[in-house]
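J.: Whole structure, please, built from the sequences with the hints as guidance.
Residue numbers (my numbering), protein chains in the order written: chain U, 1 to 296; chain R, 297 to 689.
Among these hints, one or two may not hold up.
Straight-line C-alpha distance at most 16 angstroms; calculated EDC-like pairs for lysine to aspartate or glutamate [to be verified]:
{"id": "1", "chain 1": "R", "residue 1": "582", "chain 2": "R", "residue 2": "557"}
{"id": "2", "chain 1": "R", "residue 1": "315", "chain 2": "R", "residue 2": "482"}
{"id": "3", "chain 1": "U", "residue 1": "49", "chain 2": "R", "residue 2": "509"}
{"id": "4", "chain 1": "R", "residue 1": "672", "chain 2": "R", "residue 2": "662"}
{"id": "5", "chain 1": "U", "residue 1": "159", "chain 2": "U", "residue 2": "100"}
{"id": "6", "chain 1": "U", "residue 1": "190", "chain 2": "U", "residue 2": "237"}
{"id": "7", "chain 1": "R", "residue 1": "527", "chain 2": "R", "residue 2": "474"}
{"id": "8", "chain 1": "U", "residue 1": "83", "chain 2": "R", "residue 2": "497"}
{"id": "9", "chain 1": "U", "residue 1": "84", "chain 2": "R", "residue 2": "384"}
{"id": "10", "chain 1": "R", "residue 1": "298", "chain 2": "R", "residue 2": "474"}
{"id": "11", "chain 1": "R", "residue 1": "609", "chain 2": "R", "residue 2": "662"}
{"id": "12", "chain 1": "U", "residue 1": "84", "chain 2": "R", "residue 2": "557"}
{"id": "13", "chain 1": "U", "residue 1": "49", "chain 2": "R", "residue 2": "495"}
{"id": "14", "chain 1": "U", "residue 1": "83", "chain 2": "R", "residue 2": "495"}
{"id": "15", "chain 1": "U", "residue 1": "191", "chain 2": "U", "residue 2": "237"}
{"id": "16", "chain 1": "U", "residue 1": "223", "chain 2": "U", "residue 2": "253"}
{"id": "17", "chain 1": "U", "residue 1": "196", "chain 2": "U", "residue 2": "237"}
{"id": "18", "chain 1": "U", "residue 1": "151", "chain 2": "U", "residue 2": "237"}
{"id": "19", "chain 1": "U", "residue 1": "79", "chain 2": "R", "residue 2": "495"}
Here are a few chain R residues that sit away from chain U, every Cβ distance over 10 angstroms (derived from the structure) [to be verified]:
{"id": "20", "residue": "329"}
{"id": "21", "residue": "341"}
{"id": "22", "residue": "350"}
{"id": "23", "residue": "380"}
{"id": "24", "residue": "480"}
{"id": "25", "residue": "493"}
{"id": "26", "residue": "545"}
{"id": "27", "residue": "632"}
{"id": "28", "residue": "677"}
The hints are simulated quantities; they were obtained by calculation from the structure and are not laboratory data. In this text, a Cβ means the ideal position worked out from N, Cα and C, and glycines have one as well.
The primary structure of each chain is shown beneath.
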Amino acid sequence: MNNKQLFSSGHTACSGCGQAIAARLVIETAGPNTIIANNTGCLEVFTTKYPESAWGVPFVHSLFENCAAVASGIEGALKYLGKKDNINIIAQGGDGGTADIGLQALSGMLERGHDILYVCYDNEAYMNTGIQRSGLTPFSANTTTSPAGAKSLGNPQYKKPMPEIALAHGIPYVATCSVGYLQDLQRKVKKALSIKGPKYIQIYVPCPLGWRHEPNSTLEVGKLVVETGLYPLIEYENGKLISVRKIKALPVEDYLKGQGRFKHLMANSEEIKKIQEIANNNIAKYGLKAEEAVSA
Amino acid sequence: MKEFLEGSIAVARVVKLCKPGVISAYPITPQTHIVEELAQIVANGELNSQFINVESEHSAASVVLGGSAAGVRVYTATSSQGLFYMSEVIFNIAGMRLPVVLTCANRAVSAPINIWNDHQDSISLRDAGWIQFYVENHQELADYHLMAYRLAEDKSVMLPAMVCMDGYTLTHAIDVLDMPTQEQVDKFLPSYKTSYKLDVDNPITMGPLADPDYYMEARYAIQETHKEVIKLIPKVTAEFSRVFGRSYNGLIEEYQVTDADKVIVAMGSVCGTIKEVINELRKKGKKVGLLKIVSYRPFPVSEIYESLKNVPKVGIIDRSLSLGSFAPLVSEIKAVFFGKNKKPAVISSFIVGLGGRDITKDSIRDVFGLMTSKEKACEFIDLKPELLKEEYE
Ligand SMILES: Cc1ncc(C[n+]2csc(CCOP(=O)(O)OP(=O)(O)O)c2C)c(N)n1
Ligand SMILES: [Mg+2]
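T.: This is the structure:
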């Protein structure tokens with residue numbers, strides 16, 4: 001399995017898969033001198049079905065929750081061999097593998113200070129196993145384990161603040177991205193890789209199958225989530241907020257209405273109000289509105 | 297050179313001579329002294345290695361997995377709950393054919409929580425694909441770590457190896473051993489080289505998804521490799537003997553078996569006590585012997601068969617259980633003789649020394665005494681009947 005392309009197109013992702021777009025851009029930005037350790041999840045499954053592999057860089061998949069630790073071992077080995085300086089190491093996984101089951105390994109990696117970029121592809125549920133809720137599933141989303149029903153309005157919890165958790169480790173770089181803004185994503189990956197130490201990037205990647213939206217609206221959904229204030233694109237260097245993407249502050253309905261996972265909320269203005277509040281809080285916290293100044 | 301050392305210190309110093317480039321560490325009794333000593337060795341600048349303090353055993357195993365995948369010799373150690381917490385990664389390391397070496401300082405498993413010695417931890421992971429050695433004394437624990445690396449990294453093997461040493465009895469006891477020198481180790485153990493690794497100049501994908509069209513062959517290959525390991529072990533012990541002057545069979549060790557009418561089968565440090573009892577009983581004219589299993593994985597089926605086929609009464613000592621069924625070692629040894637013409641008339645099963653219950657010479661004498669023509673099934677030695685009567689309200 002020796003490939004020239006860094007991420008070839010022969011993979012088996014669903015059409016409109018946001019994760020496939022983001023993962024390709026990440027590795028193409030990082031370049032060939034990169035080693036990837038990947039958690040179990042959609043990305044690993046649709047890119048490495050033996051005997052094929054979409055990866056043109058050294059790639060290792062071990063388990064669902066340990067890519068941060070595997071990457072730590074790789075980094076140790078490269079340091080021992082005196083080869084770390086010109087090789088990037090990327091550990092990557094889905095939201096479940098990152099924010100839930102892999103949080104401990106990730107925390108260990110961040111705390112130990114390894115020179116590794118961790119990328120979380122956030123499709124807001126356990127997609128590979130069939131759309132179950134994770135700690136990064138947004139409030140009220142309908143998933144197979146947080147279904148809407150007579151006594152349920154979908155996921156009762158709020159999204160776990162992973163970027164803040166990463167930031168609390170005192171690491172030099174934390175950023176959020178969305179496939180709606182590919183240049184921003186590219187820039188942040190490049191920036192992260194120019195910094196020594198542990199870095200955390202979380203990328204919003206729509207999942208048409210799991211969210212029940214049109215496969216051709218992936219990039220559009222990726223923009224709307226940002227423009228409503230539900231997914232602030234922020235960037236921290238050495239603990240300081242250094243950039244925030246200014247937004248139009250569209251009403252959250254504009255974002256929710258195109259997705260089947262929020263369909264049960266459409267007649268429920270109370271519930272939508274709560275979601276609007278999440279957006280409003282983000283807008284206030286990060287100064288997201290175009291005319292406002294950054295208030296970190 | 298002869299040295300008096302605590303078992304854990306001896307392991308750490310031998311591992312140092314093997315020069316692992318990545319070591320991961322997480323505390324658990326009775327393993328901890330090993331990684332503490334290695335930490336000091338690295339801190340003193342006596343070993344160039346990346347010593348990585350992880351946040352859990354799951355990551356301890358994952359770190360050495362990653363280090364090994366990147367083409368470097370690695371080491372870690374654990375016990376009991378720590379090994380169980382690693383277990384998912386333990387299977388994964390074998391499936392990925394990475395020659396990780398790990399010391400298991402054998403300890404009972406919870407509940408009830410107990411930090412003392414039996415074999416339940418490593419025995420429970422016998423199906424993972426790792427080579428497993430059970431050592432008897434300080435000399436063996438040093439020597440089998442060297443052989444573990446040599447075997448695991450052999451091109452024809454590429455499987456992980458676990459050296460199982462009894463917690464406290466070996467990890468914390470101070471005893472004399474002939475410490476290998478760096479020169480000897482360098483002669484015996486070549487520096488680790490593999491082309492199957494994460495290398496930006498030759499990118500490969502490791503750990504892919506294998507669907508039903510491919511999975512079985514990967515598992516079959518490991519099973520076949522274990523057969524090769526059985527053949528390779530005598531060659532490696534012969535090389536070992538040439539360099540170090542100490543001879544091992546590597547698979548089994550027979551002690552007074554040839555003319556014996558009663559033979560105990562056991563693993564680990566209890567074999568020392570058994571040998572003492574045998575010496576005493578032999579003086580009284582009793583024909584008793586011991587078959588020590590050193591390599592539990594791969595399981596040396598034909599060696600065991602040859603050793604025991606003419607022995608009338610065999611007693612198997614298990615220091616672990618498969619709750620609800622036969623004890624692990626006894627079921628496997630019975631399987632060796634199934635359908636064979638020559639076999640022991642009686643194979644009895646004894647459970648000894650769980651959770652650190654003292655195994656005295658009397659315990660062993662009891663076992664020999666119970667090895668009558670009536671087969672004992674899962675006979676617990678040294679149970680306290682008064683505790684069994686206790687009632688809880
Ligand atoms: C220890 C363990 N628990 C559960 C699973 C089953 N599992 C595999 S992938 C997956 C979902 C992955 O979700 P996420 O990390 O969000 O990635 P996605 O597939 O959504 O990209 C689960 C639950 C597993 N492989 N290992
Ligand atoms: Mg997901």
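J.: Can you confirm whether the C-alpha distance between residue 298 of chain R and residue 474 of chain R stays at or below 16 angstroms?
T.: Roughly 4 angstroms between the alpha carbons, so the hint for residue 298 of chain R and residue 474 of chain R holds.
J.: Holds or violated: residue 84 of chain U with residue 384 of chain R, Cα cutoff 16 angstroms?
T.: violated (28 angstroms)
J.: When you check the alpha-carbon spacing of residue 582 of chain R and residue 557 of chain R, does it fall within 16 angstroms?
T.: Holds, because 9 angstroms separates the two Cα atoms, which is no more than 16 angstroms.
J.: Assess, step by step, whether the Cα of residue 49 of chain U is no farther than 16 angstroms from the Cα of residue 509 of chain R, and give holds or violated.
T.: Given pair residue 49 of chain U, residue 509 of chain R holds - Cα atoms ~11 angstroms apart, limit 16 angstroms.
J.: Does the claim that residue 329 of chain R lies off the interface hold, with its Cβ farther than 10 angstroms from every Cβ of chain U?
T.: The claim stands: residue 329 of chain R keeps its Cβ more than 10 angstroms from every Cβ of chain U (closest is about 22 angstroms).
J.: Was residue 341 of chain R rightly flagged as not at the interface, with every chain U Cβ beyond 10 angstroms?
T.: Residue 341 of chain R is indeed farther than 10 angstroms from all Cβ atoms of chain U, at 15 angstroms.
J.: Confirm or reject the statement that residue 545 of chain R sits farther than 10 angstroms, beta carbon to beta carbon, from all of chain U.
T.: holds (34 angstroms)
J.: Given the proposed pairing of residue 83 of chain U with residue 497 of chain R, does the C-alpha separation stay at or below 16 angstroms?
T.: holds (12 angstroms)
J.: Against chain U, does residue 632 of chain R keep a CB gap of more than 10 angstroms to every residue?
T.: The assertion about residue 632 of chain R holds, with a minimum of 35 angstroms to chain U.
J.: Compute the least Cβ-Cβ separation between residue 350 of chain R and chain U, then decide whether it is above 10 angstroms.
T.: Check fails; 6 angstroms does not lie beyond 10 angstroms.
J.: If you draw a straight line from the CA of residue 151 of chain U to the CA of residue 237 of chain U, is it 16 angstroms or shorter?
T.: Violated, at roughly 44 angstroms.
J.: With d taken as the least Cβ-Cβ distance between residue 677 of chain R and chain U, does d exceed 10 angstroms?
T.: Correct as stated: the minimum Cβ-Cβ distance to chain U is 40 angstroms, above 10 angstroms.
Violated hints, in rising order: 7, 9, 12, 13, 18, 22 and 25; the structure is consistent with all others.
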